[in-house]
Structure formats: C-alpha cells, structure tokens
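Novice: Working from the sequences, and respecting the hints, build out all of it.
So you can see what is in the structure, the chains are spelled out below.
Number of protein chains: 4
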Amino acid sequence: MKVSKEQIFEYNKKGLENHTEKLDFLAGQLTKKGHDVASIVSKLSEFQVAIPSWALGAGGTRFGRFSHFGEPSTLEQKIDDVGVLHSLTQTAGAVSLHIPWDVPSDYAAIKEKADSLNIKFDAINSNTFQDQKDAKESYKFGSLSNTSQAIREQAIQHNLDVIKIGDKLGSKSLTVWLADGSCFPGQNNFQTAFQNTQNSLIDIYKGLPDDWKLLIEYKPFEPNFYSTVIQDWGASLMLANGCGDKAFTLVDLGHHLPNSNIEQIVSILQLKGKLGGFHFNDSKYGDDDLTVGSIKPYALFLIFNELVYGMENNPQNPDLAWMIDASHNIKDPLEDLIQSLEAIQEAYAKALLVDQNLLRAAQEANDVVKCQEILQGAYRTDVRPLIEKARLNTGGVISPINAYRSFNVREELIKERGRNTVATGL
Amino acid sequence: MKVSKEQIFEYNKKGLENHTEKLDFLAGQLTKKGHDVASIVSKLSEFQVAIPSWALGAGGTRFGRFSHFGEPSTLEQKIDDVGVLHSLTQTAGAVSLHIPWDVPSDYAAIKEKADSLNIKFDAINSNTFQDQKDAKESYKFGSLSNTSQAIREQAIQHNLDVIKIGDKLGSKSLTVWLADGSCFPGQNNFQTAFQNTQNSLIDIYKGLPDDWKLLIEYKPFEPNFYSTVIQDWGASLMLANGCGDKAFTLVDLGHHLPNSNIEQIVSILQLKGKLGGFHFNDSKYGDDDLTVGSIKPYALFLIFNELVYGMENNPQNPDLAWMIDASHNIKDPLEDLIQSLEAIQEAYAKALLVDQNLLRAAQEANDVVKCQEILQGAYRTDVRPLIEKARLNTGGVISPINAYRSFNVREELIKERGRNTVATGL
Amino acid sequence: MKVSKEQIFEYNKKGLENHTEKLDFLAGQLTKKGHDVASIVSKLSEFQVAIPSWALGAGGTRFGRFSHFGEPSTLEQKIDDVGVLHSLTQTAGAVSLHIPWDVPSDYAAIKEKADSLNIKFDAINSNTFQDQKDAKESYKFGSLSNTSQAIREQAIQHNLDVIKIGDKLGSKSLTVWLADGSCFPGQNNFQTAFQNTQNSLIDIYKGLPDDWKLLIEYKPFEPNFYSTVIQDWGASLMLANGCGDKAFTLVDLGHHLPNSNIEQIVSILQLKGKLGGFHFNDSKYGDDDLTVGSIKPYALFLIFNELVYGMENNPQNPDLAWMIDASHNIKDPLEDLIQSLEAIQEAYAKALLVDQNLLRAAQEANDVVKCQEILQGAYRTDVRPLIEKARLNTGGVISPINAYRSFNVREELIKERGRNTVATGL
Amino acid sequence: MKVSKEQIFEYNKKGLENHTEKLDFLAGQLTKKGHDVASIVSKLSEFQVAIPSWALGAGGTRFGRFSHFGEPSTLEQKIDDVGVLHSLTQTAGAVSLHIPWDVPSDYAAIKEKADSLNIKFDAINSNTFQDQKDAKESYKFGSLSNTSQAIREQAIQHNLDVIKIGDKLGSKSLTVWLADGSCFPGQNNFQTAFQNTQNSLIDIYKGLPDDWKLLIEYKPFEPNFYSTVIQDWGASLMLANGCGDKAFTLVDLGHHLPNSNIEQIVSILQLKGKLGGFHFNDSKYGDDDLTVGSIKPYALFLIFNELVYGMENNPQNPDLAWMIDASHNIKDPLEDLIQSLEAIQEAYAKALLVDQNLLRAAQEANDVVKCQEILQGAYRTDVRPLIEKARLNTGGVISPINAYRSFNVREELIKERGRNTVATGL
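Residue numbers (my numbering), protein chains in the order written: chain S, 1 to 426; chain C, 427 to 852; chain A, 853 to 1278; chain H, 1279 to 1704.
Careful: at least some of the hints might be erroneous.
Said to hold, decoys possible - Derived lysine-lysine pairs resembling DSS-like cross-links, with alpha carbons at most 27 Å apart: (1) A/K885 x A/K865; (2) H/K1292 x A/K885; (3) S/K140 x A/K1267; (4) A/K884 x H/K1321; (5) H/K1414 x H/K1484; (6) S/K32 x C/K439; (7) S/K370 x C/K796; (8) S/K136 x H/K1648; (9) A/K857 x H/K1648; (10) H/K1389 x S/K140; (11) H/K1292 x A/K884; (12) S/K33 x C/K440; (13) H/K1300 x A/K884; (14) S/K370 x C/K439; (15) S/K133 x A/K1267; (16) A/K885 x H/K1300; (17) C/K632 x A/K1124; (18) H/K1418 x A/K874; (19) S/K136 x A/K895; (20) S/K164 x S/K111; (21) S/K370 x H/K1414; (22) H/K1648 x A/K866; (23) C/K459 x S/K13; (24) S/K14 x C/K458; (25) H/K1693 x C/K562; (26) C/K796 x S/K5; (27) C/K440 x S/K22; (28) C/K566 x H/K1321; (29) S/K415 x A/K985; (30) S/K113 x S/K2; (31) H/K1411 x C/K841; (32) H/K1300 x A/K874; (33) C/K448 x S/K32; (34) S/K370 x C/K440; (35) S/K22 x C/K439; (36) S/K32 x C/K440.
To be verified - Computed footprint of chain S on chain H; a stretch qualifies when at least three of its residues, placed anywhere within it, have a C-beta under 8 Å from a C-beta of chain S: (37) 1381-1391; (38) 1469-1478; (39) 1538-1549; (40) 1649-1663.
Hints are computed from structural coordinates only; laboratory data are not their basis. Every residue, glycine too, gets a C-beta built ideally from N, C-alpha and C.
Specialist: Rendered as structure tokens:
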C-alpha cells in the first residue's frame, strides 16, 4: 500500500479553493499583526516527528486487547505504514525502532525502503523491561539497576547491541526507558539501585559513537507501583550528568505525577542544555498514552511555547528527538497517529504566533492580564489553514484523516496483509 | 464610575471594520457548514452569568493578601462594579450576594440601583464557615452538621434569614456551601454529621418560598483537610433528594479530586433533572479559583458541550444558576472577571458549533476518530467574532479588556474610592 | 498438595510458648482497659475473606508478565490453592469464581472438593471486558452500555448464565464490574451509556434468585482512560437504587481518584443500607492491586473502623461480601495472599480495639485531640498475638508465611504441576 | 507558666509501674531478637526536633481562622511555650525563629531564657512572601526571582539581615522558603525567574558564615497556583549546587504532588550528601499541614527508614535540621505539637527496629515477601514503652498529652496571658 502523488494531487484539487480562501484571510489578519506567515509555514513544514515502530498496531491494557486489522507484521510493513503517514501529512519523516522487535534481517534493503519513502531512522530504543525467549537472565527484578551483576551485564550488552543496530541504520541516539523499580516498600535499596543504574548507564555511554546522544527517560510509576529508579527529571538529569556531555533527559508527557507543571521542567532543562528528546501523547489519569492533544491541548500549547522559546534562545541545548509515544486501543492506529500529528502541528503553529517581545515586555511590567491575553490570543487563533499550507507545500494532503479514508488505506492494508495480523508491541 | 453609551459607541467605531470583516468571513464559513449563525449569536447574547459580590476585591491565601486598589467597600459600590462589567460585556447581568457581607441597609435603593444597571439578583449565599462578631455560637467544629443542637439551630436560622433577604431583592435560589467536615480521622462521626446535615437542610428547605430553589454545593476538601460532609456530587444529590423537588446539586469546577471527569457528572445530573447551579473558575492543583479558562479551556468546552446537550435534551432539568466563583489574588478583579466572562462565552460558542446529529451518528457507529474530529473541529474554530457580535448586538464593546483600560476604569475607581479600600470577602 | 493437621500441629509446637507469653501479656493489658479479649479473638476467627480464583497465578501489566511457577491450571487446582491458604490462615474460607475462566465441568465434584476443604462459594463474577473466542459480538466499545442492542443482550445473557452457574454452586451474589466507558471525549453519549447500563442491569436483576444480591462495582478509569460509565459510588448507588432492594454498591479500595476519603464513602453507604461488598488491595498511584496493607495500613484501619461501626450500628445494611482483589506481579501469589489476609486481620483487630463509647463522647465534646488519641491508641497496639490466637483456635498456624515456607508448599506445587503452568486471569 | 521537676516527678509516679511492666516485656522480646534496647532508647533521647515559633498559635485557612486562647504574643512567651513542650517531651530542645515575626529586642535576655529551658536556636527563617508595613518594595510578583532588581535586592538584604539575627542567637542555618512563582501561564519567564533566583541565592550564600548552612525548600504550588520557581527537589538541588558546598535541599513532607515517593527523594539526596533539613507534618490533599503521623504514619515510617539508613551509611551527608511545620487550625497548638512529637519518635523508634542486615540480604535475594515482612515486623511493634523510657531517662513525662492536661497548662496560660491574644504567624 502506497499513496501516490497522483492520488494526492487529485484529492487536493477538491479542497483547494476553500483552503486558499481561508489561508488568504488568515494570512491577511496575521500579517496585519506583524507575523511573517511564510516563515511560520516553513517552520511547520520542517518540523518532523518520529513514529515509533510499535505504535502501528493496536495497543491494550492488562485487561486485554482488541485487535485492529491489517496490522504490519514485519519491519518492512511498519516502514510502509510510516510511509503512508508521511505521504499524507509530510510531518512523519522518521521512524523510531524498538529492539528486539525490529531487528532488520537485511539492513541495506530496509534502508533503501526507508530512503525511498523519505523516512529517517531517529532514536533507537532498547527493551529491558521484558524477558526475551532465549534470554539467560530475567528482568523480573530489574535490569540496569539489578543487584545481580550478570543481569546488569546482560542489560548493558543489549543496549550496546542496540546502538550497533542503530548505527548501521543511521540513528544518532539511543533512548533508554528503564522500567526498573519496586512494587513494595523495602524491596529495593534506593541508593544501590540508583548507583547500579548510574554505573550501567556509564558503561552504555562508553559504547556510544561520538556523534550519538544518550536519552534517559523518566517515569514515576508503572509497571512498578511503589518506586521507579528514574522517577523524575531530577533523577534523570543527575544520571545524565553522571554520564557526560552526550547524555540528556528525555521528557514523555505521560510520565508525570498528577498536576505536574511540565512546561516548567522543559524550560529549565533547555536552560541547562540538557533536554534531549520529547515523547508526545496525552492523558487524563496516568500514562494513558492517548492521542496527542485529545485531553489537554492548552497544556500542549504551553509546552510548545517553551520549546519554541528554547529553540530560539537556548543554543546550549541540542536539537530534540521528537516522537509520538501513544497507544491505540480502540482507534485505527494510523488514524490515531494522524490525529496526533495534526495536534502537534497545531500546538507548534500557535506557539509560533506568540509575540515573544510583547510577552517579555508584559512579563517585565508584571501585567499578568496582558500576558494571558497574549498567550490566549495566539491559542484562540484557528491555525488550520497554516498547517494545510505547510502540508501542501511539501506534497501532503489538505485533510489527512479525510484523505486516508477516501483512499481506503485500511481496506487496502487488510487486503494485502489479512485481518488477523498482529504487530509486535504492547 | 459608570461607562456611558457614548463612550462605548465611540470606542466601537475604531474596531468595527475589522470586526465586521472577520465576522463576515467566519459566518460565511459556518453557514456553508450548515450553522445558523444568527441563532448562535442570539444564544450568546442571552447567556448571563452572575458576579459574586465578594469577587470584586482582591483575594488571598493563608499566606497573605496583596491589596488591589479602588476596591468597593459598600454593597452599592459592588453593584456599580458589576454594572461596569455588564455595560462592557453584556453578559454579567446578575449579582450573587453573600450574607452577612452584603445585607442591604436600604432595599428599595439597592434594587433601584441594580435595575438601573440592568442587573438581577441571582442565587443568594449564606455563610456558616466563619464566626460573626456578635454570634452566640461558633462554627469552629461545624454548623449544619454540628453535634450541638444550638449551633445547628443558629446556622439554620441564618439560612432562613438569608432567604428573607434574598426574597426582598428578587433572588429565587439559596446556595448552601457547607465547609463542615473534619481535619483529623476520628474527629467526626460520619453518619451523625451526615444526618444532622440532612435534617438541617430539611429545616431550611421548609422555609423556602415555592418558587425558590435550594442549591447544595459539594467540595472534597478545604478548609477541612481530612473529610468534608458533602464531599462529592453523590452526597449532594442524596441530600437534595432528601429535601425535595426544589433542591438541587450545584457544581463548582474547582471542587473535585484530581483528574475527575466533571463533564460526566454534569451530564448525569441533568439526566436526573438535578443540576441546579454551576460555578465557574479554573484550577491546576486544588480549588485554586483561577480565571475561567486560564488552565484547562478544553475541559471547559467539554463541560459546555454537556450543558448545551442538557439544555436542549433534558427538559426535566431546570434552568441553571450560572456564577463565576474565582479569586483574584494578583490581577485587577474586574479585568480578571472580564477574562472569565470571555472564556465562558468562548466555550459556550464552541459548544454551540458541535453538530449534535453528526456526533450522535458517529457515536452510534463507534467511529471514535470521527467523534473526536467533530468536537475538535468545533473547538479549533476561532469564535471570537461571534462573541464580539453578541456583545455589539446588546450594546457592549468589541474588546472588553481593551475598553476597560482605555476608559481608565480602575484609575477612576481609585479617584472615587481611594487606594486603600478593602472589599469584604476572602 | 494439602497441608495436614499433623503438619500444623507439629509446626505450632515450636512457637507456642512465645506466642502464649505474648498473648497473655497483651490480654492482661487489654483486659485492664476493659476489652473483652475472648470476644475479639472470636470475631477474628469468624471473619472470612473470599479468594478470587484469578488471583492464584501471576499477574502482569500491559508491559508484560513474569511467570511464577506451579500455578493452578484447572478450577480444581485453584480450589486446592485456596484450601492451602485456608488451612494455614483459617480466614480464607471462600472462593470467588470468574466466568468464563472457571466454568465447572463437574459441579458435584467441585462442590465436594470445596466442602472437603471447608470453602464456600462467595460472589460470582461475570466478564464483559474481554472478547471470548466463540463470541458473536465484541465488547471493544462496551457491553451493558453499548449502543448496539445485540451486544447488550449478549452481555446480559452472559450475566444470567453466570447467575445460573453460581446458583448451582451455592453462591448468593453476582458481582458486576463494568469496564465500559470511553477513551476519548465525544466517544460516548454519557446519558445514553448510563441509561443503557441501567436497563441492562435491570434485566440482569430480574434473573436474580430471591436470596441473591447484585453487587455493582465502580471505578474511575482503566481500561478506559477518558470516562467510565460507573465512575464512582454515586453512579453505582443510583444504578443499584434503579434496580431494587437486592442491588448494592461494591467498593474496591483501588478504584478511587487520588486522595479520596474512602472511609466516609463506606460509612454513608452503610447508613443507607447499600454497601454490599468490599474488595481489598492497596495502591499508591492508581488501581495498583498491591498486597493489602502494604502501602497505607492506617487508611485500611480507618476503613475498618467504619466497617466495624456499621456492622454494630447499621442493621439496615446486609452482611458484606469480602474479597481480596490484588494482582501478584512479582511475589508468589499464595504468599502475597497470606500477607493480605494478615493485614486484613490486623486492621480488623485494631478496629475492634477502638472504644466506640469513649470515641463518641470525645466527638460530642469536639475533643479532636482525644479522638485522635483513641484511634491511634488502638492502632499502635501490637495485635499480632490476637490474630495468632484466632488462627490457633480454629486450627491454623501461628505464622502462615513461615509455615508456608517450611512446608515447602510452592516446591510441592511445582512438583505436582510443573513449572510452566499458567493460570487464567489477567 | 513552667512545668516543674516536682510536678513531673509526682506525675510519673502514678504510671511508672505499668510503664515498667510493658517496657520489661517489650525489651525482653526485642533482646531475644537481637536488638540493643538501651542503644535504641538512647538514640530516641538524643533526637531533638525544632519547634517553629509561628506554630504556637492557631493557624487558619483563606476562609478564616478560629482563635485558640492564651496564645503567646511575644518571643519570650513563644520560648516559654517551647519550654513547656520540652519539659514534658524532652524532644523539643530547639526553636526555629521566623523573621520579621521574631526579632528579639534583647538578645542576651532571649538567649538566657532559652538556655534556662535547655532550648537551642535551630535554623532561622526569612519571609519574602508577605509585604511588611514599612517595606519599600512589594513581593506581590515575587522576591528573589523578581524581574525588578530593586525588589530582588530588598529580598536579598532581608535574608542577610536574618542571618545576622540568627548568628547572634547561635543559629547555624538559614532556611529559605521561596513562595515565588506565577498564578497564570505566561506570567513568568521560567528561565529568567530561575536565573534570578540562582543569582539571588548566590548573593545570600556569600553572606553565610563559614559554619552555616543554606537550606533551600521546594514546593510545587500554593500560594502560587500555576507554577513555583523551586517546584521540586530537582530544582532545589540545582540551585544548591549552584551556590556551593554549604547549600542543601530541605524537604517538607507536605510539599509534593499527589502520590510522590518521598522516601526515595530523601534517600537519593542523602546519597549525594545534599539533604540539609526536614520539615514534619502530614496531609491528605495538599500542603494540609496536619499533625505529624495523623494521616499516613506508614509513609512516615518508610521515610524514617531511609533517614536512619542515611544517618548510618552516608557520612557524606551532614546532620539534618529537623523541624515540625504544621498548622493548628482546630487543636490546641501545644497538644497538636505533642502529638506530632510522639508520632516522630514512634516512626524513628520503629525504623531503628528494622534489621538492616536481614533487609539487605532479602533485597539481594529479591525475596520481596521477606523484605515486606521485615519492614512490617518493625512497624507492627508497639514501641510506646521505648519512647516513654527515652523521655523518662531525660526528665520528661510518661504521657505528655495526659500530663499537659492534668497540669492544666492551657488554663494557666490563659490566666497569665488572657484569652484573646494572637500569635504572629499564618
């Protein structure tokens, strides 16, 4: 299943007039206010978010999983799916692999396929939260933090192997999400677990190519329900600092305690030059892994406001690895990802409309009402025409969900792959 | 301080052209999609929210309070302030009094003043969470739920007195917010406290005029930090049912545990015909009493989506008493209230854009992606021109915050009242 | 694997002297304070908690599952496991089955086995949160609340079938945990979902034998992450009231939003005669399903304090169905259950030590400090000798965990069943 | 009001026999298990907690305050109150002053009084969250983080003044609790606020005597309800590291988001040698400032388990400044403090009963059940006789609350001071 340029061209024809009308009107309004519309559209076009390979099939909970149909069952098919997303949205130009689920059998063929679809290999992910069939040691009681040296070594070696795989594909960063922790008080010695983790990460760090980054994810709970070794940004940063200049903190939106102010975390990490990556999703209760922007779109905008600020004002911080990390329990995974990509573009576009000079002046004057007016003024703007334009400029479709449906993508995938395929993942 | 029609006329002249341009464009787009723009604008014009008399001065926390200036120190001045709000926004056509802070000395004069400003007296509020100077009994350990009959009787009598005051002014409902509860395990017998409360409410209910409603508010914590007698909607509803047909539950947005799904509560209460009132504010952590829409505007929209549904589909539910219940710790209270009123209108307007038929069809088909598209499609629309139009139609200003500032309202109030006035309230 | 009376007799011999010494001392102290020690011990002996059949194997999370060994793979083996628990603790005299996981092939044989182990069949559980292999309809978008009549009917019929199975075994109540809800705003019409649920429950209720109870569980989230149809006790109670006198609310400790005051819910439900069942577990973040008492033992004590109060003062409330509902992700399930049973007995024993007359007097006098002293005085008492005595009186062991290990129970089970068995469950 | 040695002696006579009986029995049991009872008792005796001067009067909420009676209205009277607490409990041998509420008029006299009561001056606290009458600049929009240099300088100077006052009294540390933050998105530039804070703290640090410590407190929210500059331990630690070796993080139990694992924070900070102080209280919802141990005593025990571990294993971490930081809204403040002191001693005593060697072995073996048994075994022990003994050894009373009441302390204080005194504080 591939979406052709002709299909897209034909599809766009129908909506073009209305799009142009709306864009022209909006651009007129924005230009009057001093915005450089072309520059905003160009930034939107450039913004690319990685799709994780495990998000292309249906997700589930501990209570069960309801299959979707036509899921990709090989790495090739996963990349095909990302290709479909990218051809429609033009913002999904990267894939993030998960090892051992995605070990390529033929590296050259995989790279060629990805190249042909204009897809890069972004951060690669290791897995030490599950036992593999042939594994000598079990991660039941932890991996990088385990009290057993043999288990730690197995986990370290796995990460080193993952780096090698990523290196062959052109990845430039390794993301470590460590599920290690404890389910009950007393189970862990916090200090030992932390020091073991630090030492293990240092060993992994030593195997990192010079132009790579190590991204250390944090999470307060789940799958461990009493403590997690890397419970928050403070712990992640401490460990990153303990590794070296190429180690960074990775923020996943769903990995916070209730009511956390995530935008402040993002801002301070950028100030320190230590924000390395960002995982998008949304949630109401815990790490719900819902579609980006489906629950708290204003919070997402506020976070983007800080990210934009950092991108413009914090040269000490590197370029970020952006990725969607959601689970698709009841929606078609590809439709769900399209909705996420749109929500990300929307938040980014609105953040780009914030007049940073005006805001700074209002902040200096402690004009709190004005500060709010400025942020809300940007947020209340309907930026959909700008996003459509950004897509059109690079060959995408005006309305990706609509196009996906009118192209019968899922039906085609089922025809090709059958109904009862199951993608690797959660 | 009064804002004159001439001022408003002159002010609107400047912005009218741009407003009309935006409205025309938006109305065109909406009409194409099948919306009846005039009807939406008319509903927006009709929607009136009560301003609580205690919200016209600066609020504070237990750590202190920073005064604003020119605060109203009499009931007359409070009504003047609401008059200013209403003349600008045309959506603040009611005031909600709090007794004993607002006992009128001259009822006829107060009513005349309110009439002249087109302001109604909405739900009236009792206060049994603080001791009054001349009070015989103390509410330190509760009022309507107290183990002491004398204390309960004093609290009941106070509520009956409040009804009488409200009756003279034209109010049609009494709001009871009961702070009663406990700070420590064991302090209260939950069952005794609940039954005392039920009996006290029944005694108050007996004193209710036939055309009045009793609105019972709930709140999980604060000022009591272990338990609150009316901790949630379930307890409130039970008590309302125990009183009779004129008793209803009142929902305050900030009175919920973290992550509550408030829109579902609102919906089920309407289904049962028992949602009587609604207090607007916003919050990130607890009962933060921030400006409406300043933290979670999408949640507010989702709530309005249910409210609109109920207004259209639940004739068993009465008209609601709408009120802003926020605290203004660092903003000019009047500016803060204007921002709240705008956020309410915005959420309402967007909810009116939800195509309920399409939504119902998508729900029936379990097309979750489509359901989300429909809601987000409405939410992403920039409805500001509609709100401006609704204001213009009834004599308000295009941009209330901007007008408030250009009319130098606060400066005038300070001139009239002095800097160091303090309004009664929290 | 069965634990024999002889094993127990021999085991107890060793610890008896020290036990007696501690019991005598404690009994002396308690008697001096006016407690009737024999009566407390007798109440502890009588208190029996059902073991759910699905809790005898290892649980997991969406991220994976680490097997334990020697898990029961048939209903017979599950009952054997409960038999082991009961022989050691003498407080696990019931089992709670889950259909379709536990449909007996030979009812007479199963009943005989349970009888021989002194185990009753307590509340039986239906499952409409997963699809069964041969099912015509899918519960992906809900069961009792589904918009499709055919799906609702399948779910109703399943519950009616479950009642029949339970009836043959001697169960007297059906527990309905309804996972139905939505993952995204707009997905559900709250009112339709609620009404469908009410109607479906009424249909199930009609099939309930006269001496049965319908227990309606509530839960705020998971597996649905935006809304759950029966989100809290208020919704559950409304539905129970809509069914009739034999329908009750069931409280599961882990099914609450952060910071909920569960003891107050329990108390008010008993006041209204509507608390039907109780599921024990513990949690720090969400529905973590950890060992009872492992995280918040004082909260458990406070809840038991209300339960004891209700049992003594609320004849309007029926006897409760008690059950452990925990998941055993990293502990031996049987050891985990023993620790839970001990924690329950401990909380119950401490609650029995609260002097209700003194407490009532202190409450009446608003002597908050004294109220706390009374509760903490009971809680700080080391009641382990009382629990040991209660077990010894009915044939159990002094120290169940220790005995379990010294009898090599797990090793025996592995010998009998093999290592790689997997129990049905989550 | 002073409690005399004779009063104490007479009081203790009555309870001594029963105390001795219980202690002997417990000591026998503990000794059998290998515990060194004398050493535990001695550690309990040595453990001293500072009483904050502002906690000796009734506290309140933004909704009001109910006075207690006989509150201390001068610094002398406050120290008298601490003297009473210390004479009864022998664990309150320090006071923590708050400037400007407690500026001594006569340093020599104040020191002499404190000396005579055996009370030390522990960490001294600055206040930049309220405006003082004669202040030139307002802290409405922040102090150390303010965008205005003049305001920052005033706040820095205040802290330097506080150091000087503390120095004259023998204090050795300054605690900075910074309320700075924002109530609305956009109000603050997070990075500017953070950098201003860092720079201000460095300026204060420069004024610190060589043998002093700077303790930096964190808090996620309140009085600011959108963001707080020092929102968590990660931010506090970053700032402390930015100051130097004498700067440390201070943990207040109530200053965390829901469900935080505080014991892990405490443990990791000790590992890094950066835990400087600890504020005790308890809470169910937010920063409720309830009596220590009144809501989550097991969590307190778990925290003490880490503190004890750190005191024994982390020489890199300094001695901690211990303080109670609770608010007394409905209890007699002195009784409330006594209950807090007892809860602290209880948690400490139980933590001292944890067999660290056994625990470590069980952790190494991943025997999670055993780990829990070890912690719960210690926690379930009734340690009250040990605490009584610790008090008796140093001249305190067996039962402080009981003694306080039988000595009629409050009545005496009212006689001396009158009913309507009001202590400075919140």
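Novice: Give a verdict on every hint.
Specialist: Cross-check of the supplied hints:
| no. | hint | in the structure |
| --- | --- | --- |
| 1 | A/K885 x A/K865 | violated (31 Å) |
| 2 | H/K1292 x A/K885 | holds (16 Å) |
| 3 | S/K140 x A/K1267 | holds (22 Å) |
| 4 | A/K884 x H/K1321 | violated (31 Å) |
| 5 | H/K1414 x H/K1484 | holds (24 Å) |
| 6 | S/K32 x C/K439 | holds (19 Å) |
| 7 | S/K370 x C/K796 | violated (36 Å) |
| 8 | S/K136 x H/K1648 | holds (25 Å) |
| 9 | A/K857 x H/K1648 | holds (26 Å) |
| 10 | H/K1389 x S/K140 | violated (58 Å) |
| 11 | H/K1292 x A/K884 | holds (15 Å) |
| 12 | S/K33 x C/K440 | holds (16 Å) |
| 13 | H/K1300 x A/K884 | holds (13 Å) |
| 14 | S/K370 x C/K439 | holds (23 Å) |
| 15 | S/K133 x A/K1267 | holds (23 Å) |
| 16 | A/K885 x H/K1300 | holds (14 Å) |
| 17 | C/K632 x A/K1124 | holds (23 Å) |
| 18 | H/K1418 x A/K874 | violated (61 Å) |
| 19 | S/K136 x A/K895 | violated (50 Å) |
| 20 | S/K164 x S/K111 | holds (15 Å) |
| 21 | S/K370 x H/K1414 | holds (25 Å) |
| 22 | H/K1648 x A/K866 | holds (21 Å) |
| 23 | C/K459 x S/K13 | holds (19 Å) |
| 24 | S/K14 x C/K458 | holds (15 Å) |
| 25 | H/K1693 x C/K562 | holds (23 Å) |
| 26 | C/K796 x S/K5 | holds (26 Å) |
| 27 | C/K440 x S/K22 | holds (25 Å) |
| 28 | C/K566 x H/K1321 | violated (39 Å) |
| 29 | S/K415 x A/K985 | holds (23 Å) |
| 30 | S/K113 x S/K2 | holds (12 Å) |
| 31 | H/K1411 x C/K841 | holds (23 Å) |
| 32 | H/K1300 x A/K874 | holds (11 Å) |
| 33 | C/K448 x S/K32 | holds (13 Å) |
| 34 | S/K370 x C/K440 | holds (20 Å) |
| 35 | S/K22 x C/K439 | holds (26 Å) |
| 36 | S/K32 x C/K440 | holds (15 Å) |
| 37 | 1381-1391 | violated (count 0) |
| 38 | 1469-1478 | holds (count 4) |
| 39 | 1538-1549 | holds (count 8) |
| 40 | 1649-1663 | holds (count 4) |
Hint violations for this structure: numbers 1, 4, 7, 10, 18, 19, 28 and 37, all remaining hints satisfied.
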